[in-house]
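Visitor: The primary structure of each chain is shown beneath.
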Amino acid sequence: MERKSESLRDAYGKTLVELGERDPSLVVLDADLSGSTRTALFGKRFPDRFFNVGVMEPTMMTIAAGLALGGRTVFASTFAVFAAGQAYNTVRQSVGYNRANVKIVATHGGLLVGGDGGTHQMLEDIALMRSLPGMTVVVPADGPTTRAAILAIASFEGPAYVRLTRENLPVVTDGTFALGRAGQLREGTDLTIVAIGSMLARALDVAEELHQAGVEARVLDFASVKPADEKALIRAARETGAILTMEEHNVLTGLGALVASATSTTYPVPVRQIGVPDLFGESGDPWKLLDHYGLSQKRALDEAWALLQLRGKVS
Amino acid sequence: MASPEVVERLSASARQIRQDIIRMTYHAGSGHPGGSLSVTDLVAALVFHELRIDPEHPDWPERDRLVLSKGHAAPALYSALAHRGFLDPKVLPTLRELGSPLQGHVDRRKLSGVEASTGCLGQGIGMAVGMALDARLAKRPSRVYAIVGDGECQSGLTWEALMAGGHYALDNLVVLLDRNGLETDGKTEDLMGIEPIADKFRAFRYDTVEIDGHNFPAILDALAHARATKGHPTAIVARTVKGKGVSFMENQHAWHGKPPNREEAERALAELGGSL
Ligand SMILES: Cc1ncc(C[n+]2csc(CCOP(=O)(O)OP(=O)(O)O)c2C)c(N)n1
Ligand SMILES: [Mg+2]
Numbered sequence: 000m001e002r003k004s005e006s007l008r009d010a011y012g013k014t015l016v017e018l019g020e021r022d023p024s025l026v027v028l029d030a031d032l033s034g035s036t037r038t039a040l041f042g043k044r045f046p047d048r049f050f051n052v053g054v055m056e057p058t059m060m061t062i063a064a065g066l067a068l069g070g071r072t073v074f075a076s077t078f079a080v081f082a083a084g085q086a087y088n089t090v091r092q093s094v095g096y097n098r099a100n101v102k103i104v105a106t107h108g109g110l111l112v113g114g115d116g117g118t119h120q121m122l123e124d125i126a127l128m129r130s131l132p133g134m135t136v137v138v139p140a141d142g143p144t145t146r147a148a149i150l151a152i153a154s155f156e157g158p159a160y161v162r163l164t165r166e167n168l169p170v171v172t173d174g175t176f177a178l179g180r181a182g183q184l185r186e187g188t189d190l191t192i193v194a195i196g197s198m199l200a201r202a203l204d205v206a207e208e209l210h211q212a213g214v215e216a217r218v219l220d221f222a223s224v225k226p227a228d229e230k231a232l233i234r235a236a237r238e239t240g241a242i243l244t245m246e247e248h249n250v251l252t253g254l255g256a257l258v259a260s261a262t263s264t265t266y267p268v269p270v271r272q273i274g275v276p277d278l279f280g281e282s283g284d285p286w287k288l289l290d291h292y293g294l295s296q297k298r299a300l301d302e303a304w305a306l307l308q309l310r311g312k313v314s
Numbered sequence: 000m001a002s003p004e005v006v007e008r009l010s011a012s013a014r015q016i017r018q019d020i021i022r023m024t025y026h027a028g029s030g031h032p033g034g035s036l037s038v039t040d041l042v043a044a045l046v047f048h049e050l051r052i053d054p055e056h057p058d059w060p061e062r063d064r065l066v067l068s069k070g071h072a073a074p075a076l077y078s079a080l081a082h083r084g085f086l087d088p089k090v091l092p093t094l095r096e097l098g099s100p101l102q103g104h105v106d107r108r109k110l111s112g113v114e115a116s117t118g119c120l121g122q123g124i125g126m127a128v129g130m131a132l133d134a135r136l137a138k139r140p141s142r143v144y145a146i147v148g149d150g151e152c153q154s155g156l157t158w159e160a161l162m163a164g165g166h167y168a169l170d171n172l173v174v175l176l177d178r179n180g181l182e183t184d185g186k187t188e189d190l191m192g193i194e195p196i197a198d199k200f201r202a203f204r205y206d207t208v209e210i211d212g213h214n215f216p217a218i219l220d221a222l223a224h225a226r227a228t229k230g231h232p233t234a235i236v237a238r239t240v241k242g243k244g245v246s247f248m249e250n251q252h253a254w255h256g257k258p259p260n261r262e263e264a265e266r267a268l269a270e271l272g273g274s275l
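Protein sequence lines, in the order shown, are assigned to chains A and B. Under numbering that gives the first Met the number 0, the first residue of the first sequence carries the number 0, and numbering increases by one thereafter. Under numbering that gives the first Met the number 0, the first residue of the second sequence carries the number 0, and numbering increases by one thereafter.
There's no promise every hint is true.
Unchecked claim - Distance ranges between label pairs, derived from CB positions:
#, chain 1, residue 1, chain 2, residue 2, range
1, A, 279, B, 168, 47 to 53 Å
2, A, 215, B, 97, 31 to 37 Å
3, B, 272, A, 133, 58 to 64 Å
4, B, 166, A, 130, 30 to 36 Å
5, A, 133, B, 266, 49 to 55 Å
6, A, 47, B, 28, 36 to 42 Å
7, B, 90, A, 215, 28 to 34 Å
8, B, 111, A, 46, 44 to 50 Å
9, A, 174, B, 97, 54 to 60 Å
10, B, 166, A, 266, 55 to 61 Å
11, A, 284, B, 275, 18 to 24 Å
12, A, 312, B, 57, 51 to 57 Å
13, B, 229, A, 284, 48 to 54 Å
Hints were generated in silico from the structure; no laboratory data involved. Keep in mind that this is a model prediction, so the values were computed, not measured. Where a beta carbon is used, it is the ideal one built from N, C-alpha and C, also for glycine.
Assemble the whole structure, with the sequences as input and the hints as a guide.
Guide: So, in structure tokens, the structure goes:
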């Protein structure tokens, strides 16, 4: 399907400026990637409230925490592999344990980083950040949701992690977003597809293909990874009987695991998971990489049919 | 003193590497020309002169090791390794393609001649310290060379590793700093100043020399000095120009992580005496 594509990073940068106008105490930090993360937009508008600290991600998080402990809202940005990976323990203690009001907005999550290769393709950040008590985790699928998510995390006191994608992504939502609530983009009762980030557009394409074949799939946007909308998952299990998850993350520890565990206690149904196998990434064309690592539309469609067969809905 | 023939040969190799960097990043449509061009002469001096390495026996235990801590300068090392016989130069245009051994950041699992996978800055010196300790424990004559960026020197990891090299008095370790003055977003001294950098190395117990990183006699002298130094690691602060050799890329941080388009690549190659 043809859709308009937008930069999530641009949406972030613009929303930051908006927030900066609204809250004169808000400060932003970056670690020498401000052009890429788009915090440079804020830096240009509010140079006194912008700290580009250079290549020191772990310490950037501690400085951010210190600023936040004085009562400010603090945004800190770099690539996901540095925000959640390089800086993990300073995020854990200085931000998480302190319950500091630091909003970590990480760009370049997942395989869509492309050419930079496996060292830079962060596939574990959702697992790492979701494991931290008190950490809100959001993975928007498009520009409008990015804007809404940034506004949402700025509106409460406490730490948050947002994962953005380097590539532009098709606009698939109307930008309504609430923490703890899954967005339902398509109604259906034969099967549910739960997706995040770049996979949401693919999920909708799979649902459309299924529809052509007479099968109706519900599609949930799970941008609010934590808090998770467990009610929506149980409802999906009960009403559709099978769930397919789609994510650009290590499949052992991401959305699929979350959905399987949330449903298993209350209403267990088969959950098939599309995600990156337990491997590091590699260099390549971003979109080819998705297919190469098994995140293709075709593979998702195959898994959907396998689920339907398992549930006796097709023979 | 380096002989004029050696200097002439290294200059020719460096010109070849710079042309390859432009062609590779142009074909890939992404990559880091600026920091590859600044480090070219250091890489050429090491790979074509200083390092005891053998493309026929890439795993020879007694070889010297080069760790490119600023792993984004991969094109410079790939080109040097290709012309030193570690891979077919025909592979160079596959930089960053799916399935290529030429990953965006150097990857030891995919290319022999690469001693350590890097890409996340700050980790190369520590691995070099480990390699130098390994050589010392095994009583091997191997020497270990780590190349770091100046933006990379903002990272605490760099200083922890430097401290370890000084503490263990690793005289088989040489740290080369590509002091091009720029990082991704601008000048290092505007973002987070690292000066006085030579004094910092000295305070961390490094025998420290400052040179022009584009002057082969000076580079070779510094490397010879390092070889003769006992009881301390050596740091070579090489003053360089980011984008060196391509007039419109020189000293422009905008060329840190941007590939040339076709017209720019042709212009750059004309300046370097090559073509697409
Ligand atoms: C830990 C880490 N943080 C951020 C980056 C992204 N990055 C790649 S190169 C670079 C700038 C490095 O500057 P410098 O060390 O001076 O490199 P050079 O000028 O030699 O290219 C940055 C921030 C990275 N690769 N690793
Ligand atoms: Mg530099």
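Visitor: Next, verify each hint and record whether it holds.
Guide: Against the structure, the hints:
Distance hint check for residue 279(A) and residue 168(B): the Cβ-Cβ separation is about 35 Å, which falls outside the suggested range of 47 to 53 Å. Here the CB-CB span from residue 215(A) to residue 97(B) is close to 36 Å, well matched to the stated 31 to 37 Å. For the hinted restraint 58 to 64 Å between residue 272(B) and residue 133(A), the CB-CB distance of approximately 60 Å keeps it satisfied. In this structure, residue 166(B) and residue 130(A) meet the distance hint of 30 to 36 Å, their C-beta atoms being roughly 34 Å apart.
The hint said 49 to 55 Å for the Cβ distance between residue 133(A) and residue 266(B), and at roughly 54 Å that hint holds. A hinted range of 36 to 42 Å for the beta carbons of residue 47(A) and residue 28(B) is consistent with their spacing of about 37 Å. At about 49 Å, the beta-carbon gap between residue 90(B) and residue 215(A) misses the expected band of 28 to 34 Å. Remark: the range hint 44 to 50 Å for residue 111(B) to residue 46(A) is upheld by a beta-carbon distance near 48 Å.
Judged by the Cβ atoms, the range 54 to 60 Å given for residue 174(A) and residue 97(B) is violated: they are separated by roughly 34 Å. One distance hint, 55 to 61 Å for the beta-carbon pair residue 166(B) and residue 266(A), holds here, with the actual separation near 59 Å. The supplied range of 18 to 24 Å is met by residue 284(A) and residue 275(B), whose beta-carbon atoms lie about 21 Å from each other. Checked against the given bound of 51 to 57 Å, the beta carbons of residue 312(A) and residue 57(B), roughly 56 Å apart, stay inside it.
Between residue 229(B) and residue 284(A) the beta carbons are some 50 Å apart, a value that agrees with the proposed interval 48 to 54 Å.
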